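Asks: Here is how the chains run, residue by residue.
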Amino acid sequence: NAGVTQTPKFRILKIGQSMTLQCTQDMNHNYMYWYRQDPGMGLKLIYYSVGAGITDKGEVPNGYNVSRSTTEDFPLRLELAAPSQTSVYFCASTGAGGQGKLNEQFFGPGTRLTVL
Amino acid sequence: QQQVKQSPQSLIVQKGGISIINCAYENTAFDYFPWYQQFPGKGPALLIAIRPDVSEKKEGRFTISFNKSAKQFSLHIMDSQPGDSATYFCAASIKGGSEKLVFGKGTKLTVNP
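Those protein sequences? They're chains A and B, same order as listed. Numbering of the first sequence is given in my numbering, commencing with residue 1 and proceeding in unit increments. Numbering of the second sequence is given in my numbering, commencing with residue 1 and proceeding in unit increments.
Hints are supplied without guarantee of correctness; some may be wrong.
As the list claims (entries may be wrong) - With a straight-line Cα cutoff of 25 Å, these simulated PhoX-like cross-link-like pairs (lysine-lysine) come out: (1) B:Lys-42 / B:Lys-5; (2) A:Lys-44 / B:Lys-5; (3) B:Lys-68 / B:Lys-100; (4) A:Lys-9 / B:Lys-42; (5) B:Lys-108 / A:Lys-9.
What the hints contain is simulated information worked out from the structure, not anything from laboratory work. As the structure is a prediction and not an experimental result, all values here were calculated from the model.
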């Protein structure tokens, strides 16, 4: 199993541009999450999904959108990039009673985004 | 509102020493307390976790101590090794709450050889 994969690894955007961060998991997990990590600030939840077709806002959703059309994929969309969205973005997934320890979130390798 | 407070922000320990990282929480509905380890350029990975029905959990050199009345929990790394140098995050979640985690701000641990 590849686990949680994210693309791209790095990206530089200009202010006002849009992009989609891709996230795919092959563990048949129901729950998926998007976090952003800023230096010294821990991980902040942006959006999450408890299953295909169901998404909800986390702590810092402004400026982002998500969709969950399949169990495997959970893309994160930035519509109008701003310098405040410069961060490292992590996708994670977990499955109640599935692989690994109950509640364990499996993280992808991250996408480092810079908005200039 | 920061629901999980973590300290210290950074920690330097000599090889063979004990590393201690502390966390405090406010929400009494939290019932799952994991610690994640993150190496530079990687995503976090679960290290060890505890539920509030026990006061301590040990896995190898890593121990979580949990004090429900004080709403505090801590990570102890015994016989710290240079390979333990990483950033450690405590977290908390509510059962049935979509398994969402609230993270502390992290502790950068450096173990000197």
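Asks: When the structure is checked against the list of hints, which entries are broken? Sort them ascending.
Replies: Failing hints: none at all.
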